[in-house]
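> Chains as they are written, first to last, in the UniProt record's numbering: chain B, 1 to 238; chain Y, 1 to 238; chain F, 1 to 238; chain E, 1 to 238.
Check each hint, because a few of them may be wrong.
[Stated by the list, open to error] Some chain Y residues close to chain B (C-beta under 8 Å, calculated; not the full set):
no.	residue
1	THR114
2	TYR115
3	HIS175
4	ARG205
5	ARG224
These aren't lab readings, by the way, just hints derived from the structure by calculation.
We put the CB at the ideal spot given by N, CA and C, even for glycine.
Here is how the chains run, residue by residue.
Protein chains: 4
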Amino acid sequence: MTAAQAPTPESPAVRRTREQVAALHAELVRYGLVVWTGGNVSGRVPGEDLFVIKPSGVDYDDLAPENMILCTLDGEVVPGSAGCDRSPSSDTAAHAYVYRHLPEVGGVVHTHSTYATAWAARAEPIPCVITAMADEFGGEIPVGPFAIIGDDSIGRGIVATLEGHRSRAVLMQNHGVFTIGRDARDAVKAAVMAEDVARTVHIARQGGPLVPIPQEAIDSLFDRYQNVYGQNPEGSLA
Amino acid sequence: MTAAQAPTPESPAVRRTREQVAALHAELVRYGLVVWTGGNVSGRVPGEDLFVIKPSGVDYDDLAPENMILCTLDGEVVPGSAGCDRSPSSDTAAHAYVYRHLPEVGGVVHTHSTYATAWAARAEPIPCVITAMADEFGGEIPVGPFAIIGDDSIGRGIVATLEGHRSRAVLMQNHGVFTIGRDARDAVKAAVMAEDVARTVHIARQGGPLVPIPQEAIDSLFDRYQNVYGQNPEGSLA
Amino acid sequence: MTAAQAPTPESPAVRRTREQVAALHAELVRYGLVVWTGGNVSGRVPGEDLFVIKPSGVDYDDLAPENMILCTLDGEVVPGSAGCDRSPSSDTAAHAYVYRHLPEVGGVVHTHSTYATAWAARAEPIPCVITAMADEFGGEIPVGPFAIIGDDSIGRGIVATLEGHRSRAVLMQNHGVFTIGRDARDAVKAAVMAEDVARTVHIARQGGPLVPIPQEAIDSLFDRYQNVYGQNPEGSLA
Amino acid sequence: MTAAQAPTPESPAVRRTREQVAALHAELVRYGLVVWTGGNVSGRVPGEDLFVIKPSGVDYDDLAPENMILCTLDGEVVPGSAGCDRSPSSDTAAHAYVYRHLPEVGGVVHTHSTYATAWAARAEPIPCVITAMADEFGGEIPVGPFAIIGDDSIGRGIVATLEGHRSRAVLMQNHGVFTIGRDARDAVKAAVMAEDVARTVHIARQGGPLVPIPQEAIDSLFDRYQNVYGQNPEGSLA
Numbered sequence: 001m002t003a004a005q006a007p008t009p010e011s012p013a014v015r016r017t018r019e020q021v022a023a024l025h026a027e028l029v030r031y032g033l034v035v036w037t038g039g040n041v042s043g044r045v046p047g048e049d050l051f052v053i054k055p056s057g058v059d060y061d062d063l064a065p066e067n068m069i070l071c072t073l074d075g076e077v078v079p080g081s082a083g084c085d086r087s088p089s090s091d092t093a094a095h096a097y098v099y100r101h102l103p104e105v106g107g108v109v110h111t112h113s114t115y116a117t118a119w120a121a122r123a124e125p126i127p128c129v130i131t132a133m134a135d136e137f138g139g140e141i142p143v144g145p146f147a148i149i150g151d152d153s154i155g156r157g158i159v160a161t162l163e164g165h166r167s168r169a170v171l172m173q174n175h176g177v178f179t180i181g182r183d184a185r186d187a188v189k190a191a192v193m194a195e196d197v198a199r200t201v202h203i204a205r206q207g208g209p210l211v212p213i214p215q216e217a218i219d220s221l222f223d224r225y226q227n228v229y230g231q232n233p234e235g236s237l238a
Numbered sequence: 001m002t003a004a005q006a007p008t009p010e011s012p013a014v015r016r017t018r019e020q021v022a023a024l025h026a027e028l029v030r031y032g033l034v035v036w037t038g039g040n041v042s043g044r045v046p047g048e049d050l051f052v053i054k055p056s057g058v059d060y061d062d063l064a065p066e067n068m069i070l071c072t073l074d075g076e077v078v079p080g081s082a083g084c085d086r087s088p089s090s091d092t093a094a095h096a097y098v099y100r101h102l103p104e105v106g107g108v109v110h111t112h113s114t115y116a117t118a119w120a121a122r123a124e125p126i127p128c129v130i131t132a133m134a135d136e137f138g139g140e141i142p143v144g145p146f147a148i149i150g151d152d153s154i155g156r157g158i159v160a161t162l163e164g165h166r167s168r169a170v171l172m173q174n175h176g177v178f179t180i181g182r183d184a185r186d187a188v189k190a191a192v193m194a195e196d197v198a199r200t201v202h203i204a205r206q207g208g209p210l211v212p213i214p215q216e217a218i219d220s221l222f223d224r225y226q227n228v229y230g231q232n233p234e235g236s237l238a
Numbered sequence: 001m002t003a004a005q006a007p008t009p010e011s012p013a014v015r016r017t018r019e020q021v022a023a024l025h026a027e028l029v030r031y032g033l034v035v036w037t038g039g040n041v042s043g044r045v046p047g048e049d050l051f052v053i054k055p056s057g058v059d060y061d062d063l064a065p066e067n068m069i070l071c072t073l074d075g076e077v078v079p080g081s082a083g084c085d086r087s088p089s090s091d092t093a094a095h096a097y098v099y100r101h102l103p104e105v106g107g108v109v110h111t112h113s114t115y116a117t118a119w120a121a122r123a124e125p126i127p128c129v130i131t132a133m134a135d136e137f138g139g140e141i142p143v144g145p146f147a148i149i150g151d152d153s154i155g156r157g158i159v160a161t162l163e164g165h166r167s168r169a170v171l172m173q174n175h176g177v178f179t180i181g182r183d184a185r186d187a188v189k190a191a192v193m194a195e196d197v198a199r200t201v202h203i204a205r206q207g208g209p210l211v212p213i214p215q216e217a218i219d220s221l222f223d224r225y226q227n228v229y230g231q232n233p234e235g236s237l238a
Numbered sequence: 001m002t003a004a005q006a007p008t009p010e011s012p013a014v015r016r017t018r019e020q021v022a023a024l025h026a027e028l029v030r031y032g033l034v035v036w037t038g039g040n041v042s043g044r045v046p047g048e049d050l051f052v053i054k055p056s057g058v059d060y061d062d063l064a065p066e067n068m069i070l071c072t073l074d075g076e077v078v079p080g081s082a083g084c085d086r087s088p089s090s091d092t093a094a095h096a097y098v099y100r101h102l103p104e105v106g107g108v109v110h111t112h113s114t115y116a117t118a119w120a121a122r123a124e125p126i127p128c129v130i131t132a133m134a135d136e137f138g139g140e141i142p143v144g145p146f147a148i149i150g151d152d153s154i155g156r157g158i159v160a161t162l163e164g165h166r167s168r169a170v171l172m173q174n175h176g177v178f179t180i181g182r183d184a185r186d187a188v189k190a191a192v193m194a195e196d197v198a199r200t201v202h203i204a205r206q207g208g209p210l211v212p213i214p215q216e217a218i219d220s221l222f223d224r225y226q227n228v229y230g231q232n233p234e235g236s237l238a
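Throw the hints in and build the complete structure from the sequences for me.
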């Protein structure tokens with residue numbers, strides 16, 4: 001590689017986001033949310049109109065900060081950036097749409113995790129019948145429209161569906177699940193929790209009728225969790 | 001850190017309990033009982049009116065003896081103790097209530113493990129149809145009331161429900177499972193076994209009607225297991 | 001330990017059996033057949049009226065050749081043998097009964113693996129609807145009687161049930177699964193395959209009616225597998 | 001070993017195929033598609049009328065390039081080749097049939113993975129209700145006939161069934177799943193994805209009616225994925 005071809009120098013914020021996004025993909029593997037090269041994490045670069053996302057069709061074992069793809073908020077690869085010779089995730093347009101339309105979102109995750117996708121294949125929202133789900137999602141996990149990859153229709157479906165709900169997760173019909181967070185790690189947590197509640201509620205209902213949680217209890221649990229839980233509660237996104 | 005800020009020296013019993021409680025969280029991960037930062041183990045400090053519990057919202061990979069939280073039996077963090085700058089588990093009040101009201105209990109575990117929580121979402125006790133369950137729990141695993149975090153209501157529900165049963169595990173409606181033991185390790189074993197029987201009995205019933213075990217056989221199995229099994233049988237707690 | 005307390009010297013065959021039995025327990029863990037200290041493997045000592053079995057209630061991580069228990073075919077611990085200060089598995093009487101009554105058996109395994117135990121909780125044999133099951137078990141996996149631990153009744157139930165079947169696995173009602181093999185490794189393979197077919201057939205039937213395999217095809221598959229498959233086919237046991 | 005017994009020198013293409021096929025078996029283990037010694041991967045040697053396949057009944061931990069078996073397209077072991085003292089997989093005739101009749105196929109995989117085999121035990125094709133399945137298989141995963149091992153009937157069933165479908169996977173009734181690919185890695189990917197969709201669609205349908213995907217959307221997804229996805233799209237095989 002000649003000097004002319006060397007990647008453009010990047011800000012510390014870009015480098016940190018590359019490291020975080022690359023590392024967080026290991027959590028998708030650890031929790032069994034993805035197989036082969038499916039699934040993707042992105043993170044907004046703090047203070048810049050950019051985000052970092054996984055390359056398309058690359059093994060999880062081969063992901064590294066320098067092969068993550070740096071994109072503008074229009075979903076275009078930044079020319080001359082590290083990894084720019086590769087294609088970004090085929091879901092990049094959807095991630096970009098979310099970043100453009102939801103400025104408080106700092107991270108987006110997409111998976112085809114088994115139980116979440118099973119609810120999506122029935123276009124059925126996941127009812128809020130366990131307290132951990134009230135804590136994390138504040139109610140049901142809703143279903144967005146069937147949308148074909150390749151234009152803004154997936155992104156539009158995500159944003160329009162999340163607007164009517166507290167949930168940071170949305171099931172896209174016949175497809176899988178998208179989650180948002182205040183940063184990439186927070187969106188990964190939402191993806192892990194979404195699959196966990198999708199599985200638990202599926203299994204619960206296989207055994208018989210579910211006991212609902214009263215709405216005021218859901219409200220109280222959600223409020224406490226967003227404001228009290230953990231070492232540094234920072235409030236809800238959605 | 002200046003000398004004035006150094007943690008108060010702790011007894012060997014506190015240090016050993018910190019080590020045990022920190023290490024036992026790895027068993028929750030090994031058996032798939034928890035995701036992300038959910039779930040918690042606590043252990044009573046032998047000979048002192050104290051217990052040790054997990055901090056709130058901290059990664060399992062980052063748990064260590066020195067960041068476990070030392071609490072009084074009222075659930076208050078001991079001022080000046082190691083880790084006292086962090087918040088204890090949001091379930092601390094429930095653990096404390098159990099230690100205050102059940103003096104024979106030396107360990108408490110709480111998880112949202114999948115199958116146990118599925119029974120809890122239906123408020124349905126797990127029937128005793130396998131001998132390992134008769135051994136370990138002496139009958140059904142009962143369901144306690146729906147209770148909101150934040151006061152003594154979870155603790156009261158646990159204690160009141162366990163009083164009428166041999167079981168060391170209680171499903172809390174719409175929430176998850178709490179287990180007790182003569183020490184923290186014993187409570188972790190109960191949590192592992194509770195999920196195991198919750199899963200096996202769920203799957204069994206999906207396939208058709210279950211064959212009950214006669215009550216006298218349950219009694220005989222429970223008695224033998226509590227008094228004969230293992231290298232150092234020490235009898236049942238509950 | 002003084003010289004007087006040193007374990008009795010053991011034959012190479014005993015030492016090899018201790019090593020094999022200790023190591024094979026790791027396969028039960030690898031395939032998820034056991035939790036905590038449940039489950040046990042034993043192996044007959046070739047050329048001696050002895051077998052080696054797991055100690056009772058000991059962690060899988062702590063199993064080693066020297067703490068395996070050496071027993072006579074009456075299920076008595078050999079005095080002075082390595083590990084003889086510990087109790088053998090509480091299922092030792094059942095293993096001993098099998099070795100006494102089935103001289104061709106060189107290994108016995110017992111687990112409470114999830115799906116096999118689920119069928120056992122319904123006292124329902126597993127129908128032979130997949131070719132791998134015809135290969136390995138030659139037909140259905142049958143169910144033995146409900147029997148309480150502590151005398152010969154489990155052993156008698158295992159032997160009586162296996163006599164009418166090709167299967168090397170038997171589900172004991174409300175309890176779990178026992179498997180036999182020409183050696184301990186072969187019995188472990190049968191335990192792994194029994195859980196695999198128990199799971200597959202359970203899931204298959206949840207989705208609708210199963211397609212039976214004609215009896216002559218089952219016979220043909222079983223015959224081929226016992227005589228042709230693998231590098232050193234040695235024929236069937238049962 | 002004397003010089004006369006040394007294996008015949010092999011071409012670089014054979015050696016590379018041995019390495020690839022041996023290594024790819026680890027993916028079957030990683031994704032839980034196989035137990036014990038079940039399952040097998042083969043790869044065609046580029047530019048030669050040969051393929052490499054797993055030996056029969058050998059532990060996954062013991063697989064290595066030098067014990068893979070080199071076969072002619074008639075399924076005969078190449079005399080004098082490395083590993084030729086061992087038997088090839090008992091499914092070798094089926095793999096060979098596929099290579100002879102489908103010249104564009106460079107890899108074949110066979111497993112008894114749980115969910116795929118469950119659909120096969122009902123002789124029921126997996127309907128295409130998730131977009132990842134439309135991407136990868138272009139429609140349903142079909143079911144081939146019941147066929148006994150030992151002649152060409154399995155191979156004939158695979159080829160005849162695949163001819164009427166875009167799918168690179170075929171469920172063989174009461175048996176398991178076979179997949180094909182442009183090379184061995186691609187066939188392994190198809191095996192991983194086939195089990196993933198078999199599981200997701202099974203679980204989805206347990207919860208209620210599935211929402212179909214319109215045929216034109218399936219067509220569009222399949223076309224895009226075969227031509228656009230990943231770093232080096234190379235088009236579909238089937």
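> Could you check if ARG224(Y) really has its C-beta closer than 8 Å to a C-beta on chain B?
30 Å, violated
> A closest beta-carbon separation below 8 Å is what the hint needs, so does HIS175(Y) meet it against chain B?
5 Å, holds
> Quick check on the hint: TYR115(Y) CB to chain B CB, less than 8 Å?
6 Å, holds
> Is the shortest C-beta separation between ARG205(Y) and chain B less than 8 Å?
7 Å, holds
> Would the stated hint for THR114(Y) survive a check requiring a Cβ distance to chain B of less than 8 Å?
Holds. Min distance 5 Å.
The structure fails hint 5 only (numbered hints given earlier).
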